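Following the hints, position chain B against chain A.
These protein sequence lines are chains A and B, in that order.
Each residue of the first sequence is one higher than the one before, starting from 1 at the first, in the UniProt record's numbering.
Each residue of the second sequence is one higher than the one before, starting from 1 at the first, in the UniProt record's numbering.
Just so you know, the hints here were simulated from the structure itself, not pulled from any lab data.
The model shown is predicted, which means the values in this text are computed figures rather than measured ones.
Keep in mind that a hint or two might mislead.
Said to hold, decoys possible - Straight line, CA to CA, 20 Å or less: simulated EDC-like cross-link-like pairs of lysine to aspartate or glutamate:
(1) B/Lys2 x A/Asp194
(2) B/Lys242 x A/Asp194
(3) B/Lys268 x A/Asp16
(4) A/Lys39 x A/Asp16
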Amino acid sequence: MDIFNRSITTLNINSDIKAKLLKLSICNINDLKYFTPTKLAEEINIPVILAESIFEQINYDNIKPISGLELYTNELKKINSIQTFCKALDNMLEGVTVNGIPLGKITEFCGPPGIGKTQLGIQLSVNVQIPKMCKGIEGKAIFIDTEGSFMIERVIQIANSTVDYIKENYPNYKNDSFNLNSILSNIQYFRVHDFQEQIALINILENYIISDSMIKVIVIDSIAFHFRQTFSSMSLRTQILNNIAQILMKIADKYNIAIVIMNQMTMKFQRMKEDPANKEESLLVPALGESWGHASTNRFILSTTDDQMIRKIFLQKSPNNKQGIAYYQITNDGVRDV
Amino acid sequence: MKFIYLDNLPINNKILLILKNAQYETCTDILLDSENKIKAKTKLETEDIQSLLVLISKTIYTENPKSALEIRNENQIEKLSLGDKILNKVLGGGLPTKSGIIEIVGESAVGKSQLALQLCLMVQLPKHLGGLKGDALYLTTETFYSNRLETLKYYFMLKYGKYFEYDPCQHIFVETLIDLEMQQHYLYYYLPNILEKLPNIRLIIIDSIAFNFRGENNILSFQERAKILTEIAVRLKEISDKKNLIVICINQVSDYINDNNNKLSNEKVPTLGLTWSNCINMRIELSRNSINYTDNDEFVHKTQPEIERILKVIHSSYMPYSKCKFIIRDDGIKGII
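In isolation and in its complexed conformation, chain A is listed as follows (with noise of 0.2 Å):
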């Protein structure tokens, strides 16, 4: 197709330039070619400035594709993700800078109570603060508690253990700057008390993270608390979370934050198709329904085993690694390999 054929109408311009546009009879770019910013600013009544960014829209000679090497190259530059200090776990999202989670990607966690998400959110504001010299991103961290589950007590603990790790597996180490204090100073915490201020919260983020560059993650635990009930129209619900997923990534994609979220796991009722007696089965998912499982790029699974210790992990959804399946514990240090 000829892409002077392109109707105006597609172009992002506000609708009263366009009406009048049209009324010149001014339908397709080609049209356009007859004008230069400033005779048409004259002839439709509006502002050079405005003219000119439409003629930037249509002018295809500066759209020029990246290569995919380019890309290749551009991304071997920078580290890419945070590890968790469980290595099966970084390892299933492997990629070539990428060994943990990623950053410029929504991570979601799902879960039942008690299996260590809120552990893994605390673990991760921590890690992210781990210097360069020792293989981290030396950022800062967002925690949004929407349950109240962040017990100071428990991220001095992890604090204390993960200094601790980096004095014993990078002896080379000599700064003091990554303490208990720097630690606990570079970690932002939000609570969130119901549904309209998590709307509103998410609103008004990009302004904390305009304000400090230095932030490479936001925990959100959990995403579905306030979401869960308190909604009499599934419709209306959906809709706040597509809009709040794609706030999300918007942040996650312009400032190359990871953004790990949290999402409780529900009960699903359904009708086994080779069972002749149609009998109901129950099936354990994640909530806030199927819509929103598109939001994020991995998806993690966490159950229990048998074993009251080791939990289950599983790779659900991954753009560039295949499902797979790990095991974790979550030791009074932190989230580790079992």
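The following block gives chain B in isolation, referenced to the frame of chain A:
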């Protein structure tokens, strides 16, 4: 939850009129719609809508973020001792304030109410003895065991009498929630008022959260029940956080029916299902051991064999899975090794 009318905000009169014509009255109305939807309804410029959204969001979310360091230095979280060293150790020093909803779950007659009553007394102790120097509010749906409280108080006063100029039972406020409607009404509307009037309350106990949901006149569908439960949970958590107090919900257990062979297994599960489990922040499970406890403590007069019981911290965001054994005596709950 806040309800703020748009009239009370510094919004340009022209824009305010447009918003009202598009049926927007409160901040909530705006927040529930997406930017594009607002644009479609009001035909306002994108910049205007964006600044409106920021203004409204800042009005609704007024709290300033805190760094974890500030939270540690403020040191607001206090811990309520259970009155026993072994039990305190299992719970990491006691039950923390500001910790959302703590659930105590177990079969009947395992000691749930006993533990709750003991906490009502402990909370009145001065801080250096593990108390919070506060009052207790006991919301009951069954019967309030005032005679058991009297017995407990007798032994409590023997030990701590010198710290009290008043009868500690005067500072345990009791309310009976006779049905679900009252339970809902009380928790939504009365409770915030009562906490204003009696600001010294540091411990709220609901015994039990499940009873009114389980009655015969229970005609609620699963969805309705889940909705009420989450709403109650949201309010209780907010109170716990803002008033810096402890909220304990006592829950019952029901038999777990195994799907595969429709047989009753020995397993007991907490009632109210996954919805409620998703709402709570910490679960403490009490259960009975089948053996009787024997020791050579001759000073305690035993009328009947003592039953060994187990306390487990099932899930909590600050404690690992841990458990200990305990027994119940006239003077309260005692941990044993």
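Tested hints:
no., hint, result
1, B/Lys2 x A/Asp194, "holds, 9 Å"
2, B/Lys242 x A/Asp194, "holds, 13 Å"
3, B/Lys268 x A/Asp16, "violated, 67 Å"
4, A/Lys39 x A/Asp16, "holds, 18 Å"
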